[in-house]
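**Q** Okay, here's what each chain looks like letter by letter:
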Amino acid sequence: DAKTTQPPSMDCAEGRAANLPCNHSTISGNEYVYWYRQIHSQGPQYIIHGLKNNETNEMASLIITEDRKSSTLILPHATLRDTAVYYCIVRVANNQGGKLIFGQGTELSVKP
Amino acid sequence: EAGVAQSPRYKIIEKRQSVAFWCNPISGHATLYWYQQILGQGPKLLIQFQNNGVVDDSQLPKDRFSAERLKGVDSTLKIQPAKLEDSAVYLCASSFITVGTGELFFGEGSRLTVL
Numbered sequence: 001d002a003k004t005t006q007p008p009s010m011d012c013a014e015g016r017a018a019n020l021p022c023n024h025s026t027i028s029g030n031e032y033v034y035w036y037r038q039i040h041s042q043g044p045q046y047i048i049h050g051l052k053n054n055e056t057n058e059m060a061s062l063i064i065t066e067d068r069k070s071s072t073l074i075l076p077h078a079t080l081r082d083t084a085v086y087y088c089i090v091r092v093a094n095n096q097g098g099k100l101i102f103g104q105g106t107e108l109s110v111k112p
Numbered sequence: 001e002a003g004v005a006q007s008p009r010y011k012i013i014e015k016r017q018s019v020a021f022w023c024n025p026i027s028g029h030a031t032l033y034w035y036q037q038i039l040g041q042g043p044k045l046l047i048q049f050q051n052n053g054v055v056d057d058s059q060l061p062k063d064r065f066s067a068e069r070l071k072g073v074d075s076t077l078k079i080q081p082a083k084l085e086d087s088a089v090y091l092c093a094s095s096f097i098t099v100g101t102g103e104l105f106f107g108e109g110s111r112l113t114v115l
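Protein chains in written order, with our numbering: chain A, 1 to 112; chain B, 1 to 115.
Simulated from the structure, these hints should not be mistaken for lab results. Where a beta carbon is used, it is the ideal one built from N, C-alpha and C, also for glycine. Hints are supplied without guarantee of correctness; some may be wrong.
If you want a taste of the chain B side facing chain A, the calculated C-beta under 8 angstroms gives, among others [what the hints assert, rightly or not]: (1) 45; (2) 81; (3) 85; (4) 86; (5) 87; (6) 88; (7) 91; (8) 103; (9) 104; (10) 106; (11) 107.
Could you put together the complete structure from these sequences and hints?
**A** Printed below as a string of structure tokens:
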């Protein structure tokens with residue numbers, strides 16, 4: 001599985017967009033980009049995933065560069081409840097569901 | 001829909017003792033995962049089951065850790081004997097999809113402290 005690189009920490013003002021970058025320069029053609037987040041003392045929570053195209057759901061948007069070597073997770077209007085560790089993961093989808101390998105993640109602090 | 005259930009939530013034991021954690025995945029989920037999360041680190045995959053078969057246990061310290069999913073539903077992770085470095089949160093996750101992509105649903109975890 002390809003490795004990812006994320007900044008260890010970021011701050012964001014409440015109500016502003018939070019843009020979390022991720023580098024995955026060794027990603028393979030059959031690997032998806034996944035984002036999970038982990039709020040303190042809870043299990044990780046799925047946010048969004050994509051292969052080539054940009055994706056959007058009720059939680060966030062995922063922008064993947066054309067060469068697929070990096071991506072950005074966008075939380076359009078960050079709230080204090082978005083304070084968490086955000087993990088960017090590349091994952092092969094196979095007939096066993098594909099395993100998730102977590103890195104260190106980015107600790108996002110949303111400040112009033 | 002009920003989420004992934006884990007128990008106990010907290011456990012404190014002395015080193016060299018044994019401990020077991022239980023996980024009940026979301027109904028109908030064929031794939032079950034156990035992760036270990038040491039404080040300040042991302043979760044580390046220990047073992048992955050597909051129904052009652054092991055798909056990947058390459059990161060499981062087999063001299064002291066064991067896991068089973070006998071009927072393809074709930075699962076037990078055991079540590080015997082425990083070491084100080086086993087202090088961590090043990091997370092269980094399940095996934096419905098058997099082909100292609102699919103999100104993992106995580107439980108709240110079982111926090112182990114080894115003294």
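**Q** Would the hint on residue 88 of chain B stand, with a C-beta cut-off of 8 angstroms toward chain A?
**A** violated, 13 angstroms
**Q** Hey, does the residue 81 of chain B contact hint survive, CB to chain A under 8 angstroms?
**A** violated, 27 angstroms
**Q** Does the nearest C-beta of chain A fall within a distance shorter than 8 angstroms of the C-beta of residue 87 of chain B?
**A** violated, 15 angstroms
**Q** Under the criterion of a CB-CB separation shorter than 8 angstroms, is residue 85 of chain B in contact with chain A as hinted?
**A** Residue 85 of chain B check fails; min Cβ-Cβ to chain A is 19 angstroms, beyond 8 angstroms.
**Q** Are residue 45 of chain B and chain A close enough, Cβ to Cβ, to be under 8 angstroms, as the hint says?
**A** holds, 6 angstroms
**Q** Double-check residue 103 of chain B for me: the hint is only fine if its C-beta lies closer than 8 angstroms to a C-beta in chain A.
**A** Where the cut-off is 8 angstroms and the nearest Cβ of chain A is about 4 angstroms from residue 103 of chain B, the hint holds.
**Q** Would you check whether residue 91 of chain B satisfies its interface hint, that is, whether its CB is within less than 8 angstroms of any CB in chain A?
**A** Holds. Min distance 5 angstroms.
**Q** Less than 8 angstroms between beta-carbons is the criterion; does residue 104 of chain B satisfy it with respect to chain A?
**A** holds, 6 angstroms
**Q** Let me know if the C-beta of residue 107 of chain B comes in closer than 8 angstroms to any C-beta of chain A, holds or violated.
**A** Holds: closest Cβ of chain A sits about 5 angstroms from residue 107 of chain B, inside 8 angstroms.
**Q** Using 8 angstroms as the Cβ threshold, decide whether residue 86 of chain B counts as touching chain A.
**A** Status violated, d = 18 angstroms.
**Q** Under 8 angstroms is the threshold here; is the Cβ of residue 106 of chain B close enough to any Cβ of chain A for the hint to stand?
**A** Where the cut-off is 8 angstroms and the nearest Cβ of chain A is about 3 angstroms from residue 106 of chain B, the hint holds.
In this structure, the hints that do not hold are numbers 2, 3, 4, 5 and 6, in rising order.
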